[in-house]
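S.K.: Sequence:
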Amino acid sequence: MRLEPATFAAPTADAAGDDASGGNGTAGADGHAARLAHQILRSLSLEQKVAMLHQHAPAVPELGLAPFHTGAEAAHGVAWLGPATVFPQPVGMAATWDADLIERLGEATGRELRGKKAEDPSVGLNAWAPVVNPLRHPLWGRNEEGFSEDPHLTAQLAGAYCRGLRGRDPRTWLTVPTLKHFLGYNNELDRNVTSSILSPRVLHEYELPAYRSPIEDGVAGAVMLSYNLVNGRPAHVSDLVQSELRQWRNGESVTIVTDAGAPGSLFRAEKYFDDGPAAYAAALHAGVDSFTDDGDNPAPSLAYLNEALEKGLISESDVDRAVLRLLLLRARTGEFTPDSDPYASIGADAIGDAVHVRLAREAAAKSVVVLRNESGADAPSGAGLLPLGSEPGTLAVIGTLGSRVLSDWYSGTLQDEVSIADGLARRYGGSTGAGVVAEEGADVVALRSVRTGGYLGGAGTAVLTAQAAAPGEAERFVVKDWGKGELTLRSELTGKFVTDTGDVYLRATADRVGGWVVQETFLLDRASDGTAALQHVGTGKWLRIEAGTASAALVPDAGTADRFVLRTLKSGHEAARQAAANAGTAVVVVGNDPHLGGRETLDRTTLDLPLADQELVRVVREANPRTVLVVVSSYPYALGALADTPAIVWTSHGGQELGNGVADVLSGDTEPSGRLPQTWFRRDAHLADILDYDIITSRSTYLYSRAEPLYALGHGLTYGEVHYESVALRELRGEGPQGSDQVELVVELRNAGARPASELVQVYASAPDHRFDFPRRLLVGHQRVKVPAGGTATARIRVPLERLATYSVVEERMLVEPGTYQLLVGASAEDLPLAVPFSVAGSAGSGRRAGRWFRAENFDSCHHLALVPETPLAGTAIAPADTTRPGWALYRHWSLPPADGGHEVLLDVASGGPAGPAGLVRIQVPGPADTWNTAGSARVAAGFSGALVIQLRSGTTFRERGGAFRLVLEGAVKVIRVQLA
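Just remember that our numbering sits 7 ahead of the position in the sequence shown, which is counted from 1.
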């Protein structure tokens, strides 16, 4: 609704001077929106303001304010609002390494969200996208939603998506993007009660950068908090919002929203607070502006907030700060000034616009990554199996995913989707000497109830029954094993999946596997007599055939479940073998259903392909040595013995144009340009525990892992033959006292192949002699270069020296250490044929000083240690990860090694409650041959808090290892600050 001029006068000079963003907010083009937000705020009653703090805010008719709600899902196209253009999953977008393309995807998504609002004015323009959690661990269930394991690449690519969602108008935002999920969120197992331990270095070097750039660039207007705890404190009351995010440029104006149900979790699942009023008050103080709880029912949240006001836990000024940010968010979209909204003309015809469909195809093709391309058995020596060319002969597309396009939880409703088989058929349908045959390679079975003798079947919307004396068309089911025995049954007659529609009866009516709780999968409980009972995974109930009606019903008691004999009517393996053997080239397609095995609420347990998929690939390879393996998945796999398949290609679930995009690359109509945005590790043993967020100590991600990957970050082949000839470095003079603030690398490339190549030149930094634990590889730059067939090209890549910074735990800031660095140049994090050393003057950080307090959390390394809250709402302390085992923190890098003798260590300590166990603190100093000697110790009584003085024994020396010492903690004790006196 529009604000009437009679209701709101033009802002006064004083009002114009107000800063809606709270001190360091966005200026210039945002000023009008900020002044308007202030003006509206002053006209609202306290009751009206409190009502705006829930996700679903009511209208204020007397002010002309319409109802409003935060949140419209838009991870890779508009979701949850019906048909819309569906682009590749975010991890697939990231595989393009193309910020310009991703910005266009964001803009198309923003325009379609505007189109949805034109259809339905209740649609909100606060887009809940993108996810910027770095892809730290490939088993994370939500891997598909993120961009890269590198935080800066994540920031660049997700920031581009934000830029598109935000739109190009300097004053009015197309939509307001929301960065998800702040902070340290990479596990689904117990996600709302586990604590992500983020040391200062991991926090500042790995976690925060993905959020900071989009916010400081002014392309993200909101941030969603995460379900987990960070260093023992729920993220929804984390002090990092105020101490970090709000301190960044534009940070004060960012709207902070909660994740769904998280406010209630603060006092229910997490039990961090006693009740709702205390939890909501703490969240508001911590920086939350909008509470997403209890769906579209704001009553419980408003009750908690009003009680918090009555108890004095929050004040009206606290409410005002949050409401002001929410009003600013709305004002940015032109909600209050529709006559000057440059996007007001966008209508419903923007949804599925032909331009967007072409863009979806471009994105699908550019996200395809060629992982391997060797010759088949009868190919010319040295020639890859790909591209297929114009006359590949008969192509057999084998596998369920070859004939279907799958959506995920955050997808829009697919329209006019093109499968890989469809895409290849369209490409080669009219070509001489080419043809496409699709074969699912799955068994078709009939299920006979042992007890009733009838075969299970049914058509249309009718309840399945077990009445047929022999299997007919309605009794034929396609069985697909998605891993670990979880399978789907699909009617061969109708193509519909067997599902529970909510009344405990089974019907073959589902178009796809889906839903928050999947209702279309079953487990087979096999017995020694060859029979099997069926357990419905979604409900845990068992299939029983009812007496009289013979209806297929779900019952809780496994003992009453019917047992079935499965008759194989068609062998999937035999059909796959025949199709492959009769084809010139076999294209076998395997991967995941985004709703199964790994997704929101469910982490994967292994990198391995499902055994059923592995066997299908083996069958196809044995039948035809000219086999192309296409992996369509939300995450990386370990391929094991299948890694020597002649040609291997990966794509994410690439949206509605998946098939056309894959066909474009396989045929060679489009040169492959996709590169992996994350490492593909060879085996599970190369991964740290999914709950271990300390990537430095655990040697995780491409940054620190020493494991040889299957495919490295940045890996991807072209159809050319690119050689890296030379690299030269040039320092670019800066204006600061340190001189050069960036360097330029000039890289000469040569393509010895017969096809042009789209080469992604990557630059990584290394510093073997760095005094801190510098990453083994650190991505610092990249550039796409077109290299003509038989020709040469030059890449010029600038590297800001600030990318070499590490976090100083002494000075508590990012610093570029002086010394020698190497810049490594090549085609991936492991394929780096060129290197150039250079020296950096840097700014050597000061060392620790005796006689000064420092935070205990600022250790140099640790073992079996946890970071915990200093107080419930602020500060961080250290404590043993398990009170039954000692943990230690190491402190080194002193400005001068402390003089020998007469030392004591002062600690700011807190222990458990008065009834808890006592604690023990020991100070250890280095001894010979990597030993550690105890120089002093003290017991900490139960319930003690305060200063603890540990006198070190006479003659204690700090000459070894630069004056380092270890603080060893045992029992229920935590340490906040440390001083060596």
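Simulated from the structure, these hints should not be mistaken for laboratory data. Treat the numbers as computed from the prediction; the structure is a model and nothing was measured. A few of these clues could be false.
Computed cross-link-like contacts, DSS-like style, restricted to lysine-lysine with a CA-CA straight-line distance of at most 30 Å [claimed, not checked]:
1. K503 with K491
2. K278 with K318
3. K548 with K577
4. K503 with K548
5. K577 with K491
6. K503 with K577
7. K548 with K491
Across the chosen pairs, the derived CB separations fall in these ranges [stated by the list, open to error]:
8. S324 with K491: 30 to 40 Å
9. E715 with E381: 50 to 60 Å
10. D696 with G953: 46 to 56 Å
11. T546 with G437: 29 to 39 Å
12. R810 with D691: 48 to 58 Å
Virtual Cβ for every residue (Gly too), placed ideally from N, Cα, C.
S.K.: Run every hint past the structure and note whether it holds.
M.R.: Taking the hints in turn, this is what the structure says about them:
| no. | hint | in the structure |
| --- | --- | --- |
| 1 | K503 with K491 | holds, 22 Å |
| 2 | K278 with K318 | holds, 20 Å |
| 3 | K548 with K577 | holds, 28 Å |
| 4 | K503 with K548 | holds, 21 Å |
| 5 | K577 with K491 | holds, 22 Å |
| 6 | K503 with K577 | holds, 18 Å |
| 7 | K548 with K491 | holds, 18 Å |
| 8 | S324 with K491: 30 to 40 Å | violated, 54 Å |
| 9 | E715 with E381: 50 to 60 Å | violated, 19 Å |
| 10 | D696 with G953: 46 to 56 Å | violated, 35 Å |
| 11 | T546 with G437: 29 to 39 Å | violated, 49 Å |
| 12 | R810 with D691: 48 to 58 Å | violated, 32 Å |
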